[in-house]
Every structure is written in structure tokens, then in C-alpha cells.
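**Q** Chains A and B supply the protein sequences, listed in that same order.
Yeah, the first sequence ends on 407 if you go by the numbering used here, and it's all consecutive.
Yeah, the second sequence ends on 524 if you go by the numbering used here, and it's all consecutive.
Misleading hints may appear alongside valid ones.
[As the list claims (entries may be wrong)] Under 10 Å between C-beta atoms, here's a sample of chain B residues computed to sit facing chain A:
id, residue
1, 30
2, 56
3, 126
4, 176
5, 199
6, 215
7, 224
8, 275
9, 300
10, 314
11, 324
12, 329
13, 336
14, 421
15, 437
To be clear, the hints were calculated from the coordinates, so they are not data collected in a lab.
Note that the structure is a prediction, hence the values are computed from the model and not measured.
Beta carbons: idealized from backbone N, C-alpha and C, even for Gly.
Chain by chain, the residues run as shown.
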Amino acid sequence: MPETSLTKKMVRCSINGVSVEVPEGTTILEAAKALGIYIPALCYHPKISITGACRVCLVEVDGAAVVSCATPVEEGMTVITNSPYVEELRKDIIDLILSDHPYDCMVCQKAGDCELQELAYLYQIRYPKFQGKKRMYKKRDGNPFIEREMEKCIQCGRCVKICDEVQGVGAIDFAYKGFDLKVCPPFEHDLDCEFCGQCVMVCPTGALVGKDWIARGRQMNIKKVDTVCPYCGCGCNITLHVRNNEVVRVTSSPDTFNEGYLCVKGRFGYKFINHPDRLKSPLIKRNGRFVEVSWDEALDYVAERFKEIKERYGPDALAGLSSARCTVEDNYLFQKFFRAAIGTNNIDHCARY
Amino acid sequence: MVGLATVFGSGAMTNSIPEIENNDVLFVIGSNTKENHPVLALRMIKAVRKGAKLIVADPRRVPMVRFAHLWLQQRPGTDVALLNSMMHVILKEDLVDRDFIVTMTEGFDREFIKNLEEYTPEVGQRITGVPKEKIIEAARLYGQAERAGIYYTMGITQHSHGSDNVFCIANLALMTGNLGREATGVNPLRGQNNVQGSSDMGCMPSMYPGYQRVDNPAVRERFQRLWGVKLSEKVGLTAPEMLYAAEAGKLRAMYIMGENPVLTDPDVSHTIKSFKSLEFLVVQDIFMTETAEIADVVLPGACFAEKEGTFVNTDRRVQRVRKAVEPPGMAREDTWIIMQLSKRLGYNMRYSGMDEIFQEIGMAWPAYAGITYTRLEKGGIQWPCPTTDHPGTKYLFKGGFPRGKARFTVVKYRPPYEEPDENYPFVLTTGRMLFQYHTGSMTRRAKAIETVAGEPYIEINPDDAVTLGLQDGDMVRVSSRRGEIRLKAKVSRRPDRGVVFIPFHFKEAAANILTNSEALDPLCKIPELKVCAVKITKV
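Next up, chain A with everything else stripped away, as it sits in the complex (with noise of 0.2 Å):
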């Protein structure tokens, strides 16, 4: 975002017909994004350096079209977002990516929350007007984590430059020319990274999706619920997705304190959940085996035994072991069951450090 007026330089500029002060330096899009003035983008992206690639953000200034996400906005400028002409040229655009893409959002994960998509029902484009080869790739990328559908990568580079500027990893980048030039990790080996899913969170298409999220849900009878991340210590912010009482996919807000970014526990390590190993049931062992038993069974037996140790040896011979995993509450109820009800200090977790 812009840096204050106290240690910036303003420069003033009209956008649509309304004037606009700025700090120098700030572009055009982020300009008219001030003032809550839409310019379509798929290039851009908040998070990362300016690409200029995609020509979507075309605006006209002073009767000529420059690409507003990398032209910073000068003193004096005029500025059209929607003049026919710029709409004509950014139709166009869209429909030259469009040329080349597979059409299948029947069947694609990001339907309904696609960038892409949006753009071809803002403009209504139904079918391309440009024919022309299109690409096709034979081999799929075999990691465990991530779909990489390339022939729907419309080469915008978020996801290149989100994993070097953002994660710091570089796994993947640019390769061949033209026609050919497509994102791929080293010699289009599998990928091989951290598997944080950050280039799936910043992807405007369908190329980058979860495999585990394929044909479990997508915008339609799906509950959201935000909590917090279960494993480290970070706190990370969680959107879960719900569908039939099943977790299908985790996101992140970008307007969050952890600005959307996981990692791969959070993103991709949701599947223990719903999943089958659960214990569903107290169990009592007998004769070395443990048994299905009724709450009423199992809570009357444990607290009977409690019982009749306290007496026997005191409340001192009994001991607790919370946990770091469970809730506040959890942890408070805990030690005050073992300090009110039991009458000792005998509780400790792993985590006291």
C-alpha cells in the first residue's frame, strides 16, 4: 500500500472524472482501487511484484491504452477506466486467452470462483471468436498435493513469483518460448517443493487446484466456517469447507493476520477429521481387550475408581496430563477437575517449557 502523505511526494490525477491524490509511485490500478473503481486484473496481484503480462487492466489514458497495474499514476493525469475503446481492446484480450483454453468449466474445481471465469461472464464471451491451436499436455504431474491442469494456466506468473518472493523457494518458473512457454518445476520433473499451496491460493484459473478437493464440493452446499489452524503454534487463521458434515477443503482469508498464507499441514492436513480410525465410542479393557461401552458405563466407572484411590492414598496418588492441543477451556476445565474436584496439584503437560 501507499506510504503516507508525510513521507511521500502527492500526485493528483482524475479517474473516470473524479480527482485523486496519491503518493508518487503509486500505480494506476491501486490508484483507482482507492477509490473503489474496478479495473479487471489477472496478472496482478497485491502480494507481489508488478508482472504486467496479462494486458487485462487496460486502461485509456490521454487517448492511449497503458496497462494500469504498471504504470504509475503523474501529476496532471486523465484517466478512463471504461471508455468503449478500452473495453473493445480488454474484451479482445479475454478472448484471446480464451482461445486457448479447455472449456470445461463443468467439470473444473474452480468453477464459480474463478477469475477467468468471472471475466467471460462479465464480458460474455460464450464462445472464442479466435481459433488457433491449442495446448495439450500428456504427462500429469504425479505429487500427492497439487493438480497442475497446464493447459489452464493462462501464464499470469502469480504463482512463479508468489513461491520465490513469498515462500522463498523457487520451484518453479518459466520454460521454453512462445507458443511453448509454460510454468513448470526443473526439467518438468513432478513437483517438489514445500507444498505449501500458496501458488494455489494466488492461481486466477483452474490450473493450480488440491487433489484432495477434486469432486468433494465446490461452491453449492457448501458451509464455511472460520477457526484457527490445529498445528503449530503460529495461529494461522482457517476457513473450513464443509459439505455433509465432511471438512473437503481448508482456505485462508487474505485479510487475516496471516495474510492467507499456510503451510502444508494447515492447507492439505485436514483429512484426520473425517477420518475412518476415529475413536467413536469409550472403551473399557477387560481381559487385556478393550470393550464398546456406554458413556454412563465408562464415566461411572472411571470416576468410581478415582474414588476409591483418593481415599485409599490420598489425592496426591492421582495425576493429569493436558494438553497443548486442546481448547482454553478444555485446559481450564482440566486442572480445576484435578484441583477442585480431586484436590491436587499433580497436573503438568508436555508444553509447560
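We have chain A already, so just place chain B on it with the hints.
**A** What follows is chain B alone, placed relative to chain A:
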């Protein structure tokens, strides 16, 4: 935690995650941040890309080293010598913050200075193996910084002198005035989602919620009134002490909620033996863990996605956990189970919902008093937050420390409890890897994760591999005085010669069969999971 509480009067990350990007020097010691706190590491990378200098001190070439200006590869267990030696340089070159020392601290006296005098860079080099030039450079970088932040994890604490390590880190920050200001601080990065919260809640034998001591009569009196019952004045047993007490027949029953100590505690056979000596063991968990298998009763709990509540992350941020799905089968929320048991033991806990429990916590500890479930709807709040109009606290110790003045501690280097010798010539250090988490009861059930990281391994330096006649992928037997495991060798330049690393996630080759349960820090009783001696043979 205990270490920091002793120095400052409070134990937590002093500053916040978003502040990291404004550090001008970052000193990361004993933390494999890129693998263990991956998203927090992104802030560090951002800081570096904005021009900050990064110093990484770690016996292994951890991924953060790629971004570091300076990497100090100390021998495992020699952090005190490294830090004292850096402080020696800072003192000698007069990079100390005198104003801060005079107004905010105590104990910066002749004894403290005299102790540091012994730790010349030459001495530092001899003990740690880090070239003295690098020690001097690190000291200058840190000492001259405007806003330096220290970040550490278990590489500092899981030692028989873990508290000493923490004291040294505190000394370093105090001496240079890197506390109580934005983008500075002493920052222990918490390894689990709610370590901070469970510590805050007093799941410790000596403290009630809010780090209030159980042996303080006034404190106890307050809790007796809050809970309406007479409380024990005796400090309880720590986790390692519980195991010894069980073995000795003094402890008869245990109730374990959401932990798997069989795999996480040092010396697995000792742990199992201790639990088996109990008359009665209850385990409450979401999976049949290795610990649950030896229990008498297993109670099925609900996981994070199946309950309401809060987690407190590493920068003291209290955040809402929300229910998304129903628990499977008969599994129930942990709070429900605890309340049911409590009622049967004649002590009724009645709460209409999680928010009511949270309210009571606010009565037990003022740092939570201003936080409500309603406020948390708008996002997390960092404690201390004493009143409902308080915005929360980004960084601690602005204008002073809870205990008055922060205290310098004289720390002398002590070697690790178990050092390599002829029979066990390698130093084993343990930890996590990026893809797996702890004992794997969650991550190992994600097929994709198992595909890329489903096998135990031991990292061995290429030179050592040559000496042992090993190739990458060979099976080896690793043994210590406690036991032995078999696993694949991963020949890697990450560890130095003489040092090997095993991640502790894999039950089929549990690293903690090898580690030592006798080497405990005298103050906080943490076991020395980061150093033990092993031998390696090809099988």
C-alpha cells in the same frame, strides 16, 4: 517459560508476529522456523527482503540458513558458550544500552561482568566450534541493531541446561535494550496450537491460571473463593516426576487428555514401564494412540473442528475456534466429559456454554478479563487485555517489567549430560520436519503427506557416511544406552560431522527410544531431547 518468568515475571513471546517484518536484525537460535513455524518464517523472509540482517545459529543447516547473512553452526548443547561469547564482545566493544540497563534492570554487576570475561571469542570457538570471527560478527550485528528480535524454540529449551540457555538469551536482549519496544524482544515460538493457552490456564503443578503460584496463601485464598472449595497447598509433580512416582508406586492413577507421552517423552521403555505400574490409566483422545493402547479406559474426544472454544497462539493472540462438523459416533467435547466426571466425584461444574467458562477465566486472571466471545468475533485479541475497552497488547514490557526490574543472571557453560565417547561416538539431536506433526496421529492419516514424507530417517553427514561405509538409503541400526531403532540413512550436508538428526514423528523408529529421561533441567524439568550419544551401524 519458567526461565523467562524468572527474569521478567512473565513467560511468553514478548513481541508480535506482524512486527517481525520490521526487525532490522533477526537472531534465530535453535529454531528450524521454515519447517516448524512455516508461516511465521514468511515474515522473517519478508524482513530479510526489506533489508534486515538474519543470523541463524543451529547445529544443522536448516532451511532458514538459505536466507541468513550469517550462520553459526554450534555443536549441540553449547549455546551458553556461544551466547556468553557474543555478550563478551558486545561488552568489550561497548555496544551495551547503558540507559536501559540502569533504568530497567538489576544484576548487571561485577559478578556478571566478570563471568563474561572468561568467554572470549577464542573460548567460544573452542567450545562451540564456531569460528571466532563469526562470533564477533554476530555480536556486532546484534549489538549495533536498532530493533533486534531473538527467536528460539526447543533447540534452546530441550536441554539439561535449557533454563540457562533462556537466561543467556534474556541477558543478551537486556544488555542491548532490545525489549519493551516495537519489533524487538525475546520470542519463544510456541510449537503447538495452544501451548500458550494451556500454560496460561495453569496446567502446571506450581501455578494456577495466570501463572499465580499455588503455594502463595493469598492467591490460593482467591482461587478457593472462586471455586468454592478448599485447595491443596502442596506444589504438584511435573510430568517427568509423575513417571518416576508411578514407577515407585507413589502415583496410582493418571488421566491423560490429548497427549501421547509414550512417543513424545524421552526413553520410551521407561515411559511405558511407568504407565504400566499405575493401577488405573485413563486416556482421552481422538485416535487410539500408543499411550491409549496401554490405558484401562479410553474416552473419545472431539477434535478442534467439532467444538467451540479458543486457542492462544504464540504471540498471545486469543482466537475463536468454531464448530464445523459433528464429532464421529459417540465422541464428545472434552469439556462435557470433564464436567460429567466432576459431577460424579461430587464437585459440580455447570456452564451453559464455552463463553461462560471463558468469563470465569477472566475472573481468575485479569490479563483475560477484557476479552469476550463477542469481541473475538471481530478477530483475535492479544493478552494482557484487562478491560473490555482495552485493545490488547502488541508487545510486552512497554515502560517496565511485571516483576519491577528485569534481572541479569550469571550463567556458566555446562556440557550436555551425555557426551559422545568411544562406544557412542555420535551426537543425536531430534526434532520435527515440515510435513509431519509430532507423533503423526493427525498428519500420518493424510495420504498425501505420507506419500512425500512417510518414512523415518536419520540425517548423516556425507563424511561420516563414508567412514561408516554408508550410501544414501541404506538401513542402519542406531543405538544408545537406552535402546535401538532401525531406519534409513539420509546422507545430507544438513548436520555437521559427528552430529545426526532423527525426526520424532515415526513410531516404527521412535527417536525417543534413544533419548535420555534422566537428563532434566534442574529448574523446569525439561528433558534433554536435543542431545544424546548414539552409535550407528549398517545392517
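**Q** Now, for every hint given, state plainly whether the structure supports it.
**A** Results of checking the hints against the structure:
1. 30: 4 Å, holds
2. 56: With Cβ-Cβ at 16 Å, over 10 Å, it is violated.
3. 126: Hint on residue 126(B): violated, closest Cβ of chain A at ~20 Å, above 10 Å.
4. 176: 6 Å, holds
5. 199: Hint holds; residue 199(B) Cβ to chain A Cβ min 5 Å, cut 10 Å.
6. 215: 8 Å, holds
7. 224: Since chain A brings a Cβ to about 4 Å from residue 224(B), closer than 10 Å, the hint holds.
8. 275: At 14 Å from the nearest chain A Cβ, residue 275(B) fails the 10 Å test, so the hint is violated.
9. 300: 7 Å, holds
10. 314: 3 Å, holds
11. 324: 7 Å, holds
12. 329: Constraint on residue 329(B) satisfied, holds at 3 Å.
13. 336: This interface hint holds because 8 Å falls under the 10 Å limit.
14. 421: 8 Å, holds
15. 437: 6 Å, holds
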